[in-house]
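Peer 1: Each chain, written out:
There are 4 protein chains.
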Amino acid sequence: MAGTEPCFDVAHLGHVELFTDKPEASLAFFVNVLGLTESGRDGGSVYLRGFDDYEFHTLKLTSAGRTGVGHVGYRCASPQALERRVKAIEALGCGIGWTEGDLGHGPAYRFRDPDDHVFEVYYETKRYVAPEAEKPALKNIAQRYHGRGVCVRRLDHVNMLAARVEPVRDFLPAALGSRVTEQIVLDDGTLAGCWFTVNNKSYDIAYTVDHTGRHGRFHHVTYAVDQREDVLRAADIFLENGIHIETGPHKHAIQGTFFLYVYEPAGNRVEVANAGARLVLAPDWEPVTWTETDRKKGQAWGLRTIESFHTHGTPV
Amino acid sequence: MAGTEPCFDVAHLGHVELFTDKPEASLAFFVNVLGLTESGRDGGSVYLRGFDDYEFHTLKLTSAGRTGVGHVGYRCASPQALERRVKAIEALGCGIGWTEGDLGHGPAYRFRDPDDHVFEVYYETKRYVAPEAEKPALKNIAQRYHGRGVCVRRLDHVNMLAARVEPVRDFLPAALGSRVTEQIVLDDGTLAGCWFTVNNKSYDIAYTVDHTGRHGRFHHVTYAVDQREDVLRAADIFLENGIHIETGPHKHAIQGTFFLYVYEPAGNRVEVANAGARLVLAPDWEPVTWTETDRKKGQAWGLRTIESFHTHGTPV
Amino acid sequence: MAGTEPCFDVAHLGHVELFTDKPEASLAFFVNVLGLTESGRDGGSVYLRGFDDYEFHTLKLTSAGRTGVGHVGYRCASPQALERRVKAIEALGCGIGWTEGDLGHGPAYRFRDPDDHVFEVYYETKRYVAPEAEKPALKNIAQRYHGRGVCVRRLDHVNMLAARVEPVRDFLPAALGSRVTEQIVLDDGTLAGCWFTVNNKSYDIAYTVDHTGRHGRFHHVTYAVDQREDVLRAADIFLENGIHIETGPHKHAIQGTFFLYVYEPAGNRVEVANAGARLVLAPDWEPVTWTETDRKKGQAWGLRTIESFHTHGTPV
Amino acid sequence: MAGTEPCFDVAHLGHVELFTDKPEASLAFFVNVLGLTESGRDGGSVYLRGFDDYEFHTLKLTSAGRTGVGHVGYRCASPQALERRVKAIEALGCGIGWTEGDLGHGPAYRFRDPDDHVFEVYYETKRYVAPEAEKPALKNIAQRYHGRGVCVRRLDHVNMLAARVEPVRDFLPAALGSRVTEQIVLDDGTLAGCWFTVNNKSYDIAYTVDHTGRHGRFHHVTYAVDQREDVLRAADIFLENGIHIETGPHKHAIQGTFFLYVYEPAGNRVEVANAGARLVLAPDWEPVTWTETDRKKGQAWGLRTIESFHTHGTPV
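Chains as they are written, first to last, in the UniProt record's numbering: chain A, 1 to 316; chain B, 1 to 316; chain C, 1 to 316; chain D, 1 to 316.
Hints in this document: simulated from the structure, not taken from any laboratory.
All values derive from a computational prediction rather than experimental measurement.
Do not take every clue at face value.
Copies of one chain are not kept apart here, so a pair can be met inside one copy or by any two copies together.
Heads up, simulated DSBU-like pairs for lysine-lysine below, C-alpha to C-alpha not over 35 angstroms straight-line [to be verified]:
hint, residue 1, residue 2
1, K296, K87
2, K22, K126
3, K135, K22
4, K139, K126
5, K87, K135
6, K297, K126
7, K296, K139
8, K297, K135
9, K297, K139
10, K297, K22
11, K297, K87
12, K87, K139
13, K296, K126
14, K87, K22
Could you put the whole structure together from the sequences, leaning on the hints where they help?
Peer 2: If you want it as structure tokens, here you go:
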């Protein structure tokens with residue numbers, strides 16, 4: 001049956017909007033330390049991207065009286081795919097409606113996930129066009145490798161907190177055509193974490209349980225670098241710039257990601273990561289399930305997961 | 001129109017069959033030096049795979065009186081997608097017909113590309129199940145990281161030679177739904193090389209001009225490692241094992257791949273490569289075109305392309 | 001005055017003898033997992049070395065009813081330098097006397113440090129001569145890069161435990177001409193750790209306080225790899241081989257060493273490390289002193305030092 | 001006999017003075033692209049150093065109507081050692097006399113090598129003291145890891161050209177106590193290149209034949225980075241900044257150095273390099289001799305040495 005075929009309507013995670021109550025310090029972090037480049041600004045928002053992000057922005061940093069996530073945008077594979085997704089989302093009863101888009105993209109359809117985070121899907125986008133000073137020496141990257149700060153390559157994924165993850169496991173496949181690639185199932189059957197992807201990356205979004213029971217909170221946003229050495233170098237850059245390093249560098253057992261977590265000045269958690277050559281190519285990939293026993297072994301090489309990783313989310 | 005939507009019928013490059021006239025030496029190279037693991041053998045063929053290849057095999061090494069490529073297999077995203085591809089291929093008039101598959105997969109439909117290389121598409125596959133001694137410590141990789149030789153992670157891509165590349169540029173999108181991501185167009189308009197992908201990898205197959213004008217020849221097969229350091233380490237391993245290093249390590253201007261090329265004992269070219277975090281996520285990616293002027297700059301960091309790279313193919 | 005000139009009588013740390021009560025398992029670890037190569041054996045000892053150690057051995061693994069360190073050997077810069085050191089050591093009243101040497105080196109003068117560890121100084125040595133199968137492709141390394149296991153390059157340093165470190169800080173400069181490069185001084189003035197070198201490496205031996213108050217115990221032996229990536233790769237190799245990883249990879253605040261600690265099967269701690277391009281070139285280097293306040297920041301990137309690091313020594 | 005003992009009078013290569021006829025462009029390269037930091041300036045000279053160089057400067061960049069090397073300074077191990085070296089140099093009949101030093105160090109004794117390059121030996125030095133904004137997070141490095149440009153760690157070595165290398169092979173051991181670690185001897189017995197060290201680095205100066213027969217010319221100065229990945233990253237930084245990359249990254253057969261050569265704007269050759277964990281620890285190291293046959297194999301992994309490497313020197 002056609003209904004059981006994999007869905008490819010959504011092409012990739014497009015951008016995330018982060019709220020900050022320390023806009024200047026946050027911006028300085030993202031530009032000078034993480035190495036994003038500003039594309040433009042409007043209202044209280046600054047549009048930022050990694051040097052090889054092809055769209056106008058992958059991070060919309062919005063000055064607000066709070067921290068946490070504003071919304072998450074996914075780009076669809078075609079106008080028709082966008083239509084299909086809107087129809088599917090509306091059928092799920094969680095639609096908010098259309099927006100006109102912003103500096104970075106065209107019309108977007110907004111909706112809520114079961115934990116009250118705001119998402120949007122869109123197709124029309126504004127491609128980043130490098131100004132003369134940012135033109136790359138090699139024409140197949142979006143912007144020159146400028147070498148500023150950590151100089152991350154591209155947006156990789158986001159991690160949400162949710163009071164309950166189970167509803168999300170059903171929701172994202174229905175709304176976005178996401179596949180579950182890995183998950184944590186506790187001994188009592190509770191789903192403690194779930195990793196999803198819409199494409200060949202092994203995940204573009206993860207949800208983990210918010211032990212405070214609150215809704216709509218944010219765990220972290222991740223930018224990818226090309227090599228694990230870039231993650232190690234990032235650690236020195238964060239250290240020298242007085243950025244709080246929460247944990248890492250180390251390798252996650254789940255997904256095998258080589259990670260480093262810091263808090264940007266307003267408190268939102270940011271990860272720099274490298275996945276090596278790992279991709280999920282199998283169209284019929286079976287979710288990998290991690291048990292409590294598995295998790296007791298710590299991260300891949302035995303690091304105990306730091307307590308704040310289970311408790312710190314934004315808003316705090 | 002639905003017809004202009006991207007096609008996702010083919011999930012990924014599945015395997016390549018290489019011919020060797022030095023089967024023992026070739027096998028020793030692939031197992032002990034490159035670090036593939038044998039899954040099984042039948043007739044004159046040995047089935048091999050990288051430690052994180054999920055299928056039974058990604059390389060079928062077949063003893064023959066010659067070198068070069070036997071066939072290339074692509075796995076479809078679903079049974080329905082396979083049906084659609086067979087229909088499309090038959091319509092192109094290049095179909096050969098169904099085979100029963102082999103040790104590694106189920107029924108496959110074979111066809112020829114315009115330069116007379118043999119391909120097949122299939123859906124049913126045999127997943128690699130690690131025997132006790134090869135079980136990984138982390139359950140999300142297919143086999144333990146055994147550390148033998150270069151210990152490549154997974155099949156990455158193949159490169160074919162063709163008397164003319166233009167017909168292939170039309171053919172692969174029609175047959176497999178491939179997209180062109182990069183290409184070399186000479187000053188006289190000739191297409192000297194073309195890179196294609198069916199998924200988010202920036203390429204899974206490339207075609208470059210065979211200056212001898214022959215048909216059906218093979219340029220190289222590539223296995224991916226996680227880090228550029230693995231490529232550098234591979235160079236020392238090849239050196240110490242008396243394997244002919246043709247060129248590298250260096251970074252390709254095209255696709256930005258960090259590469260190292262060697263000849264396996266029978267003469268087939270093998271590449272070890274790392275792409276960093278580079279992916280083609282844009283559903284409407286515009287092909288990047290390299291001109292003769294671009295190519296005169298050499299590889300990314302200025303290395304002159306070695307002459308044999310333009311002349312050596314198998315069979316010789 | 002000549003007396004205040006730096007002393008260069010001792011060229012480098014030569015070897016360490018480790019005791020094991022699980023000789024077969026320990027040997028399998030050192031050869032197959034860490035990647036040392038056997039040079040020979042006599043009595044209950046196996047002589048081992050890293051691929052670029054120039055002497056016959058840097059590790060003498062001796063079967064005994066216990067774990068811990070047998071002795072540590074330093075090679076002098078010349079026969080005259082050896083004579084001078086013996087005279088100085090005898091004057092310190094801690095001499096044991098001459099031995100005839102062993103398979104790896106000529107006559108050695110043995111002595112005890114203030115905490116009862118046995119040392120020896122020697123000049124005549126047996127150089128490793130690679131058998132045909134181990135000859136390197138490049139003639140400036142001692143043995144081919146064989147790629148087995150972690151494939152460590154060379155002995156780097158040892159770390160002793162001592163009931164009190166203060167006497168050692170006076171002793172090693174007098175006995176070996178060592179310089180103190182870094183140290184930990186607690187708020188009450190206690191010397192909690194001290195790092196020494198006889199050459200341009202930033203340390204070849206360290207002493208840290210044994211909180212059990214016992215004497216003559218051993219903390220770890222370290223082998224150097226060329227790149228931090230080799231340390232990360234080692235972590236996967238240890239993981240897949242069931243070797244207990246105690247802590248790391250991470251970067252020490254002290255000395256900046258990128259480290260990974262494991263226990264070999266008998267329980268002796270072994271480190272794989274990389275120091276980058278760091279050397280102590282200044283002839284008048286001033287010791288760097290770390291305070292309790294400094295230490296509360298954890299390792300370089302904030303990792304809390306694992307409790308066992310302060311308690312586990314051999315014999316246990 | 002004491003006379004045959006190794007000499008340790010000279011502690012390390014201290015600095016090199018380079019002439020430039022494009023002072024602004026050269027300075028911009030060294031500061032913004034290579035990542036050196038300015039310590040001060042006087043007359044037409046700017047004093048520069050890598051982030052972990054402990055002295056006031058390791059590069060004195062002097063505006064002149066020409067390119068090439070001004071002088072090379074070596075720091076002695078003690079005042080007494082300096083006296084001994086001056087006596088030895090005077091006995092060789094090549095002394096120039098004392099200078100008062102400059103911003104970076106105290107009195108220095110100048111002399112000429114047999115090819116007419118100017119050297120100096122000194123003991124009193126000015127240590128770099130980091131201003132507040134440059135203080136490192138970890139107190140055992142000289143300056144914070146600022147991450148600007150290539151951000152090299154420390155001066156590594158210099159390479160001189162000489163009409164004849166043989167006289168230098170005799171001279172440096174006599175003048176500085178240098179040891180020969182590697183050399184190229186042609187089939188006709190000519191010494192084509194020679195690598196020397198005064199300490200445990202495998203070389204701090206090299207001499208190669210100047211095929212033009214001229215005297216006093218300069219081949220390159222090298223700064224060390226911690227990892228090979230830093231060299232690869234440097235290649236992208238040079239590429240994006242329009243710096244001419246001559247050759248590399250690749251691994252030298254001789255000394256095993258992982259190298260990358262560029263020309264700074266005035267034309268002086270600059271290398272970024274990593275030696276891994278390689279050190280010359282043996283006090284009785286036997287020089288490694290490379291023959292013409294050896295050299296025909298190219299660099300370590302087969303790269304042909306680029307022609308300009310044999311012809312380009314400064315002044316041009």
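Peer 1: Are there hints from earlier that the structure breaks, and if so, what are their numbers?
Peer 2: Going through the list in order, the structure violates hints 1, 5, 11, 12, 14 and respects the others.
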